[in-house]
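Visitor: Take a look at the letters that make up each chain.
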Amino acid sequence: MNAPRQHIPQLVIALFLALMMGGAIWLKIPLSWVINDALVRLAMNGVLVLSLVPMLNAGIGINFGLPVAVVAGLLGMCLTVNWKMTGLTGFVAAVLMAAVIAVIFGSVFGRILNRVRGREEITATFIGFSFIPLTNFFWATAPFTNPAMLWPIGGKGMRPTIGLKSSFAKILNDFLPLEIGPFVIPCGLLLFFACSCLLVHLFFRSATGKAMQAVGENEGYARLCGIDIDWMRQLATILSTVIGAVGICVYAQSYGFIELYDAPMMLAFPAASALLIGGSIAGRTSVLNVIIGTFLFHTMYILSGPLANDLLVPEMAEIFRLLLTNGVILFAMLHAGGRNGKPCPAM
Amino acid sequence: MLELRNINKRFGPETALESVSMEIGAGEIHGLVGLNGSGKSTLLNILFGSTTIQETGGYDGTYLLDGRVRRFSSPCQAIRCGIGMVHQEFALIPEMTVAENILISREKGYPFIDALFPRQFSLVDRTSSAMAARQTLHRLNLDLDPDQTTGRLSMNVRQFIEIAREISRDDLRLLLLDEPTAILNTADTDQLLTTLRSLADKGIAILFVSHRLQEILQLCDRLTVLREGRVVSCCAARDSSIDTVTRLMVRESVVKVSRTQRHTDSPPILSVRDFRVRMAGEELHGLDLDVHRNEILGIISLSGHGKLAFGAGVIGQVPFCGRLRLAGEDCSSSPCAAMIRKGLFFLSEERSQLGLLLQHTIMDNIVFAALHHNKRFHHPHWPHWLQVPDQKAIRRHAEHCIAEYDIRCTGPLQSVGNLSGGNQQKVRIAHALTLSPQLLIVNEPTRGIDIAAKERILNLFLDVNHSEGTTIVIASSELDELKRICDRIAVLYRGRLHAILDPAADDLLFTQAISGEPVLQ
Ligand SMILES: Nc1ncnc2c1ncn2[C@@H]1O[C@H](COP(=O)(O)OP(=O)(O)OP(=O)(O)O)[C@@H](O)[C@H]1O
Ligand SMILES: [Mg+2]
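Protein chains in written order, with this note's numbering: chain U, 1 to 347; chain X, 1001 to 1521.
Among the clues, some could well be false.
What the hints assert, rightly or not - Not the full set, but computed from the structure, chain U residues with beta-carbon under 7 Å of chain X:
#1 A207
#2 E217
#3 G220
#4 Y221
#5 L224
#6 C225
#7 G226
As the list claims (entries may be wrong) - On the chain U side, residues computed to face chain X include the following (Cβ under 8 Å):
#8 S206
#9 N218
#10 I227
FYI, nobody ran anything at the bench for these hints, they're computed from the structure.
Every residue, glycine too, gets a C-beta built ideally from N, C-alpha and C.
Chain X extracted, bound-state conformation (with noise of 0.2 Å):
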């Protein structure tokens, strides 16, 4: 059904794609893996006739669907021939309702009205909307008032709603997914592919980006392993392994980190009593945790049941209720510049819109906190209260955070826009961890992150951990990776805490208070 053969892509003197040629039958799950900047975005941004492409100079080769040559200039041609995507960063319009946005342009209308007027002119039919929206949200078994607007919503809500777009369309042909399970938890992503399986069955094609092998092998029939913008393999997923896949990509194989040292009962550093954040989809309904100085504390919840709210929380990028005591002080209402001030830094799921400078480069996007709260890049040679920034320290500070968490860029003065995913993500890891705070909540550190990157990472939060004594907070659905590096596991379900569970654990006990069933600890 799609063929592609000898795809090139430059991005000025850059080669993101060369000679990249692959097949996708009718009905077939067609897995892409590769590691960050490897060029799988930019192949789906190809097929899918993003602007972008066409802003960049174009791409040189054949793009076949079902034996015709296409060339599409803009998303709509894309739309028009059954393509669908699911973007990396999300494409939803934050103003409009959740309904709203999944039956965008498809809007159900009167059919009376549609009978005497072309389709630009009909009337929406908000209540019928609204039921075939309900509808497809229940297929993804998503319980959702689909009258709210989106912009509030959590994350993991949202990457529903903007997989609920996409399959909810009766013309979808060939469904292209980059990376829509790298912030959904085991659940969810079960969910998620069994009703990827049903679509398959009805013949959709789909093209799957994920940098989780074992679902890659579990749910795809073939796929395609890219490195340096090139096929490297292209095998049948039965025949291959994650340790075959994963030498395919890196090369090498990926030695995964794990601690022995561990924390018991140091003073807590950060305590909250009856916490209760409104963080639409994500609430938090009074919860009382105390996060030890020195730990790393692992949070999972399913989605939707408040991991996600924590941080914002505590940063007061979302207004909460309830007690905080950061440092033995009480900070129940504290903007976040007096929180950060306290040593306190929290790094959203959000990457595109609250995450970073997309304009900025590399360089300015890793130390700008720092910048602004400690004088670590002031000038030696100005005072201080100028705020003279030290170019020369900037610039090597940052080849430095570009060589050790390996980011894949032309140089520090590379625009961080132009980064792919994973390495935008890198740097804003690097950016946390140069302002050097006390006390660190992440959430989703690891999303889009490749499987080699994600070790290196896990490893500079255990160094830090280790080195400066730096508290983390990790918010994460990655089960395993928080295993291998917290100290302890907080459990919340439906905004509470429910259980505090040694890593060790097994995964039956976990899975068990993630669902909230009642551990004996």
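Isolated chain U, as found in the complex (with noise of 0.2 Å):
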């Protein structure tokens, strides 16, 4: 019975954005483009966004330390590109690495915020952090070969920026498109994302995925119960850290460059943004909410550039679309924080 009160920030989000998009359409920014590239940006940056779903039900938060499944895709990706695999095996190929050193690197994550507990998105972040500098040292002196990802000059250390139109750009984007007069439907990139999402919702409905979110929500139950609450959460950060690198994997094929050093760094944020958006609350948050929050705030920050542009000056774009999304992710914190941040019982 709670239930329109509690999707207020979606609906008033989303009535905003129908407002931006009947803005669009009276300055005449073609819809065929904002459409297209809202489902591109949907699909791209849903995998990241799901992959915070497994930490957060297993009441260890929101994942601040995304940088390091981050990491893991990124060297899975490189790996690939090294060994000039292309096309469909070479993106099956980086998946599949990508998520191997996942799951190394979130055992070890996993194990680490198992000893910070009540403290660990704070903890998270800093590991993030503090990754980031050890990686940059690692980029600049791993022993890759393949001289399309080295510095063009000296031939050492990786670039910044390494192109994938040689190996896997647009694999998932170009499967199966599907085109209907002016706008092209990504479905390969949808039904990658689309499975992503079921897998997830389906991991929860099984009983190891019932204890996790047991043990989000209340840890001494769990305990009595038998569960053991230090595998879970740790089970919960591989989970999540596997699908981070997988995220990373759909993202970098969409952009067409795998981007290393700093890049990572701040990743974490504009996925967390995009669940509070889709009005996640702590313990349950459903796949649902992740769809919803990465369209909501993606096609925002799509709408936000050319209407800015169109409206105020042209420099302005970036800091009134800084404005809006964060303004935005605040409102709808606000709300979800409201009454005393107590979660509702009804979903």
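Join these two chains into a complex; the hints should help.
Guide: Structure below.
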């Protein structure tokens, strides 16, 4: 019975989005461009957002240590590029290798988080931050051999951006595209995203998933029911890391480049924002929150650029964009945290 | 002093209260009785202005306090009008000390600073606060260090702290008590009732909810009986008897269960030697006890003498020292999971904190442990290691439990947080019995359960004990219940085994044993 009240932020944001859409049509910004872009961005960012769900539901909090997962994904992709695997094989190999590396990273990461009960979010943030310089050192000295990845001069150390054109750029985006008039629906990409969502959804309906949620909701109860709390939390961290690593592969193939060095540093924040906008409640975040949140967040992001360009001075676009998205996040959080931040029993 | 006219309260489509009218005068103790889910807590929440009432759509009707219409939107306003409430699920802050909890928002300040600054800025005087707290505890005859944190204290101590918090208020005029005696034993209850009487004599009105009709009749001046949200009777306690009240509540008389068959000397399934558990306020200091296979063993003691610590120690919720043998194996340092795999299960006396997943559905709660520890609810078409739950079977089982335990709800998909206290307790018992452990240790199984459902649950215990051979250990403060269903009753005193008595022994012997006097066996 609380349902309508609880979804107010989502409704308001959706309304706001509709308003922006109206503005876009009025300014003759092509609708097809907006929709095509929105779908692509939904699917390419969606997996990264999805990666936050296991840890959130296990009560560890938002994974601000997403850079750890991203680095695992980057390593997987760099290895495939280095071995000159291309096309679909390249992508699949990248995803598989990223997942394996992520399992290793995730279990170490999870073990650390188990030692800092109650301060996981801030610890994860700093793990993420301190992991980046470490990897920077690695990128600068790594013994990769494919000259396409190395600095053109000197031939040592990785470039900050590596083009994927010759390996697996847009492999999912261009898989099974459905063209309806001016609209292009990236079926392959969406299908991949949908499958990931389905897997996560099914996982949380299995006994293990339910146990994980129980750990997030009431640790004492879960322990009395004979659930290994530490293992559940570690498993959640591993899952989050693996999904995050896969997420960055999807992101990179759609973007067309691998970005190394400091690029992964701040990736956790837009993902967290999207999830918050989606109306997630700690411990009970569903895949639906992920989809709604990612869609609202990124469509707003797409629209705010050209709107600001046309309505204000072009230089303002980026400022406007940041102002808008962060303001909306604050609004969503204020609403979710209202009434003493008490989680609503009825979803 | 207090008058209610035609109070209606709905939770969505469901009606929780329907045209409830009642009056309470100053200095009156008014009893409120009814089955689980009949709307007692809801009524008290309305009187106290709890936020849950607002969030679920408010209520209709007139609420008059001293002739003025009131409509509280938060407990703060109610407290300002001199209303105090002891909640069914406690409202203490676990990280704060006993003294802080008792005197919350009424801490004693330094007079000098209080003279200079408004109340909000006064500096708390710890020594005088602790003194005041100690005095209040003394009024309740409770010997407790006011400087320890509340979170680790046992349930009945916390119950007393909660009561102490309310009665230490000087401006108290109306006291709402929601099942304050549910886990107190006879001695503690008597103590509390005397305290309440003396409060009432000072002119404080008290609304008292309980499932123990005896104490209601003993304490109250008048009583109101609720059935399915309606007032079915309001009469003077002097003119009614347990039997008439029962009939008003249940519409039929309740048959009390009792057992005849007695086991004697099967081998022990669980034995503890020099068992020490450091559970604050309920320590065990070296218990030697054998639990025989197939028996129902009762454990009774005064509060603070260790009955609640036994189960918590055995399952590993609280660390213990000493030796513990379960089914012949030494398990002195096994985690909870290992103990459960060996066929042990423990239901703690904590309901909301350790007992339930409040945001999940009844269905999920009932099958939670079973889903993890046996294959009963795994989908037959999928490999077991995938642990795919068989939703149909789970639903069927949940519906079966709802009928069998008489859980008052809208269906298996209702979330447990919305159930009334007694119905939550039924869900927990269904949860434990669904796992079908070999040895079940239950603390206060009938806490907050109404007179009809209590018999049903005791009967279920007897049933599983008889048909599945489940060994059951019940730690309870209800001597009467233990005497009816147990094979043996262990009496603890100061954290040690004092005597093992036959349930047929007379009450006097039990009273002596519980208070630590030597008994001849
Ligand atoms: N937050 C809520 N949302 C929906 N329904 C609720 C909520 N709280 C209580 N109810 C329903 O209102 C009815 C009355 O509940 P209440 O807690 O007042 O019972 P009670 O008389 O205190 O029972 P008990 O003896 O078990 O404590 C129940 O049917 C319960 O399911
Ligand atoms: Mg109640």
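Visitor: Quick check on U:Y221 please, does its C-beta sit within 7 Å of some C-beta on chain X?
Guide: Check passed: Cβ of U:Y221 comes within 5 Å of chain X, closer than 7 Å.
Visitor: Measuring from the C-beta of U:C225 to each C-beta in chain X, is the shortest one below 7 Å?
Guide: OK, holds: U:C225 within 7 Å of chain X, min 5 Å.
Visitor: Go through the hint on U:G226 and say holds or violated, using the shortest Cβ distance to chain X against 7 Å.
Guide: 3 Å, holds
Visitor: Report holds or violated for the interface hint on U:S206, using the least CB-CB distance to chain X and a cut-off of 8 Å.
Guide: Cβ of U:S206 sits 5 Å from chain X, so the hint holds.
Visitor: Can U:N218 be said to touch chain X, with a Cβ gap under 8 Å?
Guide: Check passed: Cβ of U:N218 comes within 6 Å of chain X, closer than 8 Å.
Visitor: Should the interface hint for U:L224 be scored as holding, given a Cβ-Cβ cut-off of 7 Å against chain X?
Guide: With a minimum Cβ separation of about 6 Å from chain X (threshold 7 Å), the hint on U:L224 holds.
Visitor: Given U:A207 as an interface hint, is its Cβ closer than 7 Å to any Cβ of chain X?
Guide: For U:A207, the interface hint holds, since the closest Cβ of chain X sits about 4 Å away, which is under 7 Å.
Visitor: Go through the hint on U:G220 and say holds or violated, using the shortest Cβ distance to chain X against 7 Å.
Guide: Given a least distance of 5 Å, the restraint on U:G220 holds.
Visitor: Return the status of the interface hint for U:I227: holds when the least beta-carbon distance to chain X is below 8 Å, violated otherwise.
Guide: Hint holds; U:I227 Cβ to chain X Cβ min 7 Å, cut 8 Å.
Visitor: Using the nearest Cβ pair, does U:E217 come within less than 7 Å of chain X?
Guide: This hint holds: U:E217 lies near chain X, its Cβ roughly 5 Å from the closest one there, short of 7 Å.
Hint check: no violations occur; every hint is consistent with the structure.
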